[in-house]
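Spelled out from the first residue to the last, the chains are:
Protein chains: 2
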Amino acid sequence: MGTVVRLNKGKDSAKAPPSPSIDALHALVTDDLREVNSVILERMKSPVALIQQLAGHIIASGGKRLRPMLTLGAAKMCGYTGRRHVSLAACIEFIHTATLLHDDVVDDSDMRRGNATANSLWDNEPSVLVGDFLFSRAFQLSVADGSLKVLDILATTSAVLAEGEVMQLLTSKDTTTSEAAYLEVITAKTATLFAAACRLGAIVAERPAVEEEALENFGLNLGIAYQLVDDALDYAAVEATLGKSVGDDFREGKITLPVVLSFRRGDADARAFLRRTMEEGEQTPEDFAQMLALMERHDALADTLKRARHYGAVARDALGIFPDGPAKSGLVEVVDFCIERSH
Amino acid sequence: MGTVVRLNKGKDSAKAPPSPSIDALHALVTDDLREVNSVILERMKSPVALIQQLAGHIIASGGKRLRPMLTLGAAKMCGYTGRRHVSLAACIEFIHTATLLHDDVVDDSDMRRGNATANSLWDNEPSVLVGDFLFSRAFQLSVADGSLKVLDILATTSAVLAEGEVMQLLTSKDTTTSEAAYLEVITAKTATLFAAACRLGAIVAERPAVEEEALENFGLNLGIAYQLVDDALDYAAVEATLGKSVGDDFREGKITLPVVLSFRRGDADARAFLRRTMEEGEQTPEDFAQMLALMERHDALADTLKRARHYGAVARDALGIFPDGPAKSGLVEVVDFCIERSH
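Note that the protein sequences, when read in sequence, are chains D and U. Okay, so the first sequence: first residue is 32 according to this note's numbering, each after it adds one. Okay, so the second sequence: first residue is 32 according to this note's numbering, each after it adds one.
Treat the hints as calculated values from the structure; they're not laboratory data. Here the structure is a predicted model, which means the values were calculated and not measured. Be aware that a few hints might be false.
A pair holds if it fits inside one copy or across any two, identical chains being indistinguishable in the list.
Using 30 Å as the maximum straight-line C-alpha spacing, the simulated DSS-like pairs for lysine-lysine come out as follows [unchecked claim]:
{"hint": "1", "residue 1": "Lys204", "residue 2": "Lys180"}
{"hint": "2", "residue 1": "Lys337", "residue 2": "Lys76"}
{"hint": "3", "residue 1": "Lys95", "residue 2": "Lys76"}
{"hint": "4", "residue 1": "Lys337", "residue 2": "Lys285"}
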């Protein structure tokens with residue numbers, strides 16, 4: 032399981048700048064993010080102790096808070112000085128967390144962010160129900176914000192998210208899934224929430240539609256890039272860094288872009304191998320290594336990252352209309368981080 | 032399994048009026064209800080075929096549409112002549128349906144309303160995700176209504192509902208659950224949605240707070256009565272009429288009021304029996320008959336219905352401030368129906 036494929040072999044290795052990180056954006060929004068965390072803790076409360084325990088477990092388990100940070104950063108870039116972005120960022124994190132809880136039930140996952148998943152600790156039932164609770168809390172937070180436009184965006188985002196999850200279930204184990212179909216899945220299940228998170232920054236600042244759209248497109252493309260890198264990391268990262276088991280997607284027969292590319296580029300033997308291991312779920316202990324070799328042979332991981340870079344580039348350009356400054360730099364660095372991250 | 036306990040033995044069997052039904056209310060709101068069904072079918076649509084299939088299965092599977100009928104009936108009683116009640120009634124049904132899908136996953140149920148459950152046909156994963164989708168659709172419908180007051184009520188209702196479901200999970204298999212704790216569970220998981228459904232009727236009609244509150248209390252008490260009768264029926268109904276397997280609650284170790292009463296009134300042997308069968312889940316084929324005998328001995332079913340009648344009476348009185356008329360009569364008959372129904 033410790034196999035490491037060099038993900039950045041396609042890059043120019045002559046220049047070696049410091050690794051991009053989300054630290055700059057984090058530093059910029061650190062006070063707001065502290066407030067977001069307070070809102071999360073406050074709104075997580077329930078007279079039902081198990082809800083707080085289970086929600087607390089997943090919320091406190093060291094996520095990057097990337098999505099709420101995007102809302103905060105976007106609002107800052109738009110010159111917003113009010114407080115609405117704080118509760119809306121919390122709202123985005125609640126929607127995300129609810130999705131994670133239901134995801135882990137659907138995928139039957141044991142590990143998330145280096146910790147045991149809620150469903151593995153408390154079983155599936157409370158995970159489903161606490162997910163519903165967190166989703167309702169997100170609903171409440173957005174109602175408290177009071178803007179019908181914001182409510183409309185969040186309600187639509189939630190519906191698309193759920194559609195994306197169901198689409199993913201349908202493409203799961205289907206090795207003939209096309210790249211286009213796969214992109215549709217990750218756009219719905221991952222990128223739409225990134226897009227909403229960013230767009231909210233322009234909305235609270237009451238910026239013109241063109242900036243709202245720019246931030247939405249920034250988030251959408253960033254989200255796709257983020258997911259593609261995630262897919263590659265599931266085959267290539269060092270287990271301890273990733274915080275989840277490498278090879279999970281393979282073991283679950285989850286069709287991601289590296290698999291789609293391997294299937295389309297592979298010969299009859301390769302396709303038979305993918306059908307056996309991923310569609311029929313018949314795997315031997317040697318199969319994961321063989322999968323990595325297959326992907327290496329067809330540049331499936333390297334090209335998944337190339338695709339990610341494409342979406343990253345589009346995301347960067349979407350921010351072009353905003354004046355330069357620390358918030359814009361911070362957001363751009365998030366793109367670089369998402370693409371070059373090893374975890 | 033065909034054991035039938037006479038539920039109405041406590042009643043005066045001399046007078047035998049025609050059985051109360053929801054037909055009068057149904058006739059009164061039949062046009063509106065047809066529109067509600069159109070909205071439901073329209074908003075159930077999704078490019079993802081499985082969502083429509085699965086949602087269609089549960090939505091079309093012959094539910095009584097009791098909750099949306101309450102919204103429509105309440106609006107009518109309040110003299111409302113607009114159209115908002117239609118989409119809000121659909122919204123209530125979507126929330127209810129989402130809950131049913133998640134409920135069946137949590138309970139691992141095979142039968143619902145005489146049909147196979149979605150989770151037994153399609154497995155748990157899509158049931159969880161399509162539940163999320165329907166909940167998001169409810170969220171969208173309420174946003175389209177555009178009233179922050181309505182949104183606030185529905186968001187809070189959803190959160191309380193989820194809390195109630197988690198509470199039920201915690202009391203499940205706990206034979207020491209008190210009557211008060213059990214009432215808290217069913218108030219949250221069942222009655223709150225009835226209360227919101229009724230209250231919305233007064234809100235769209237812009238009636239004064241006192242009428243809003245009256246309808247809320249009507250719904251709340253009706254919902255409690257409804258759930259208590261449901262609990263009794265799970266031990267006493269004729270299987271074919273109930274549309275779900277009699278004895279499900281017993282087999283699942285689900286603690287309901289008949290069990291609470293049996294445990295509190297029973298001797299050491301009875302308590303040991305309840306602990307073995309419901310807490311530890313060790314059941315022999317003869318145990319269900321023994322359970323029925325235990326409940327008969329302690330009037331557990333008859334007294335559960337007595338409690339239901341109490342809440343029904345409170346519900347009826349809550350409507351006292353409204354002028355007499357067909358809508359009020361229809362709503363009052365729903366109370367009678369809920370208490371005297373055999374299914």
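For this session: Could you figure out if Lys95 and Lys76 sit no more than 30 Å apart (CA to CA) within one copy, between two copies, both or neither?
Result: within (21 Å within a copy, 35 Å between copies)
* Asked: Checking Lys337 and Lys76: alpha-carbon separation at most 30 Å within a copy, between copies, both or neither?
  -> Neither. Shortest intra-copy (43 Å) and inter-copy (36 Å) distances fail the 30 Å Cα cut-off.
Within, between, both or neither, where Lys337 and Lys285 count as close if Cα-Cα is 30 Å or less: within (21 Å within a copy, 53 Å between copies)
Pop the pair Lys204 and Lys180 into one bin, within, between, both or neither, using alpha-carbon distances up to 30 Å.
neither (38 Å within a copy, 45 Å between copies)
In the structure shown, a violation is registered for the earlier hints numbered 1, 2, in ascending order.
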